[in-house]
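Protein chains: 2
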Amino acid sequence: MKIGIIGLGLIGGSLAKDFREENLEIYGVSRQEETCINAQKRGIVDYASKDLSLIYQTDLIFICTPIAKIIPTLAAIVPHLKPETIVTDVGSVKAPLVKTCSELWTNFIGGHPMAGTAEKGLDAAQKQLFKNAPYVITPTETTPIQAIQTLENLVKKLQSVIYFASPEEHDQAVALISHLPVMISASLIKTVMGETNTQVLELAQKIASSGFKDTSRVGGGNPELGLMMAQYNRENLKQSLLDYRQILDQIINHLEQENWQALESILDFTQNSRPKFL
Amino acid sequence: MKIGIIGLGLIGGSLAKDFREENLEIYGVSRQEETCINAQKRGIVDYASKDLSLIYQTDLIFICTPIAKIIPTLAAIVPHLKPETIVTDVGSVKAPLVKTCSELWTNFIGGHPMAGTAEKGLDAAQKQLFKNAPYVITPTETTPIQAIQTLENLVKKLQSVIYFASPEEHDQAVALISHLPVMISASLIKTVMGETNTQVLELAQKIASSGFKDTSRVGGGNPELGLMMAQYNRENLKQSLLDYRQILDQIINHLEQENWQALESILDFTQNSRPKFL
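Residue numbers (the working numbering), protein chains in the order written: chain G, 2 to 279; chain R, 2 to 279.
This is chain G alone, in the form it adopts within the complex:
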């Protein structure tokens, strides 16, 4: 089986490494000449090129470009593919992509491997990056069964934990557990930085410990990623933020009313609920 990978960064490079271990033939495309040379020299791919034509004859193609490039990339290759070639992507938002991509190519099926590191690029690529990590596959009603099964069999080789969901359910779920946390965590940092008493702000910075560090981590991350989540998952994120603000208002209200029983019952509930996510 010939596998095409477009975009040889952290995700594309890591997929290539795992699939080569399985003796699949890997055709890699990168915009950068240097990345192509590196990938081939280090045996991460069998063939590499800056030219998309390299992957026209492959059987299954992973589009691992930044999210904004997924649709243009698919549009550029579809006139040249064999009808049976399956195309998938690894974008972290699915509904807006899957709709257009499925219109462009019948054998398209969305996917979202939920693994990553703080590093980027081919140098950060590693074997078994996806092992034990969730990999959400998001077929629609029109996705051919054959495409679903082929992708599923391939993802099994990564030893990922596979989930199936509709693109819309996927996007709602990631809004809640991935995109909402970024915004509430960023709001925390901005709130503390807005403290006008400089002595309080300086003390806060000095004594901040693991509680603050953990809660602020994702809000202090890559701004491009946060912005991308907001742009591509805008409606779901907005709804999550509005729901969140309601809960926050309940807490503020309990505090104002000194309704300690109600506040304790919320904190009991959240303590009991958190293990459901672990």
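By construction, these hints were calculated from the structure, which means they are not laboratory data.
Be aware that one or more of the hints could be misleading.
[What the hints assert, rightly or not] Chain G side only, calculated, beta carbon under 7 Å to chain R, not exhaustive:
#1 Ile185
#2 Ala205
#3 Val219
#4 Leu242
[Claimed, not checked] Distance ranges between label pairs, derived from CB positions:
#5 R:Asn24 - G:Lys132: 51 to 57 Å
#6 R:Ala76 - G:Thr197: 35 to 41 Å
#7 G:Asn223 - R:Leu105: 50 to 56 Å
#8 G:Gln41 - R:Lys277: 42 to 48 Å
#9 R:Glu142 - G:Pro276: 55 to 61 Å
#10 G:Pro67 - R:Thr141: 54 to 60 Å
#11 G:Leu243 - R:Thr141: 41 to 47 Å
#12 R:Ala263 - G:Lys51: 35 to 41 Å
#13 R:Ala76 - G:Trp261: 20 to 26 Å
#14 R:Glu142 - G:Gln258: 55 to 61 Å
#15 R:Asn154 - G:Asn198: 25 to 31 Å
We treat Cβ as the ideally placed atom computed from N, Cα and C, and that holds for glycine.
With chain G fixed as given, assemble chain R onto it according to the hints.
This is chain R only, laid out in the frame that chain G set:
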């Protein structure tokens, strides 16, 4: 120097262990007979008793009880102390305690060692728990210099990083970096749990990864602690929550207006600001 420690839990027991290494004489009081026997048998203290009279003749007393018991404990011992005995506490909120305690005892000085573990009780006590951790000392204008210096010298033996702040500044700072994170983190858990589409909720629980786990950690912690923070630091926490809600509303607004430049500038700011807390 004779050190009295009232409350032989994680904090009191750990203080005792470090001070005994310094050849100070440790007098420990616990409400529980078993804890007294254990503390003495394991050499954590020199003397132990359920009776507060054990510490009447000591030179410096640490009140390490739960926060609600600090003022009643001080009130119970002050009629029996030598005038030069210094009393301090380890409560995580300072202004409401320090005011009353200073009225009850001139030689009172507030303190807050900011170390802990998830465990509680004497069995969790450990040497060097406070090493490299912040220890905030909160004198007021009327605190005797001698008391400040004596406590500072003692805390130096713990190898803590010592900060001085007014009780009010301390409480504002901990509202921002400790108590606010608990409430926004709990609100995150409750928001996600409020998802009415059960397929989305189940997927969210399955695919939640390190971002959600870190951001939800302190909101899934001990409800008693969270409640105590809210009760004792109510005004500061409320103000922090109101400031936080304003920032959140800005983000919601940028999202609604698709003002991506403004959102990116917030995320740039928070990325650049977070290292100031590390």
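Within 41 to 47 Å or not, the Cβ separation of leucine 243 (chain G) and threonine 141 (chain R)? holds, 44 Å
Outcome of range test on Cβ distance (asparagine 24 (chain R), lysine 132 (chain G); 51 to 57 Å): holds, 53 Å
Does isoleucine 185 (chain G) meet its interface restraint, that is, does its C-beta lie within less than 7 Å of any C-beta in chain R? holds, 6 Å
Lysine 277 (chain R) and glutamine 41 (chain G) - C-beta distance against the hinted 42 to 48 Å: Given about 43 Å between the Cβ atoms, the range holds.
Is it true that alanine 76 (chain R) and tryptophan 261 (chain G) lie within 20 to 26 Å of each other by Cβ? With a Cβ separation near 24 Å, alanine 76 (chain R) and tryptophan 261 (chain G) satisfy 20 to 26 Å, so the hint holds.
Alanine 263 (chain R) and lysine 51 (chain G), beta-carbon distance inside 35 to 41 Å? holds, 36 Å
Outcome for the supplied range 25 to 31 Å, where the beta carbon pair is asparagine 154 (chain R) and asparagine 198 (chain G): holds, 29 Å
Satisfaction of the leucine 242 (chain G) interface hint, Cβ to chain R closer than 7 Å: holds, 5 Å
Can you tell me whether the CB distance of alanine 76 (chain R) to threonine 197 (chain G) sits inside 35 to 41 Å? holds, 37 Å
Taking the least C-beta to C-beta distance, is valine 219 (chain G) closer than 7 Å to chain R? Result: holds, 5 Å to nearest chain R Cβ.
When you take the CB atoms of glutamate 142 (chain R) and proline 276 (chain G), is the distance between them in 55 to 61 Å? About 47 Å separates the Cβ atoms of glutamate 142 (chain R) and proline 276 (chain G), which means 55 to 61 Å is violated.
Assuming the hint says 55 to 61 Å, is it satisfied by the Cβ distance from glutamate 142 (chain R) to glutamine 258 (chain G) or not? violated, 34 Å
Hint compliance for this structure: hints 9, 14 are broken, all remaining hints hold.
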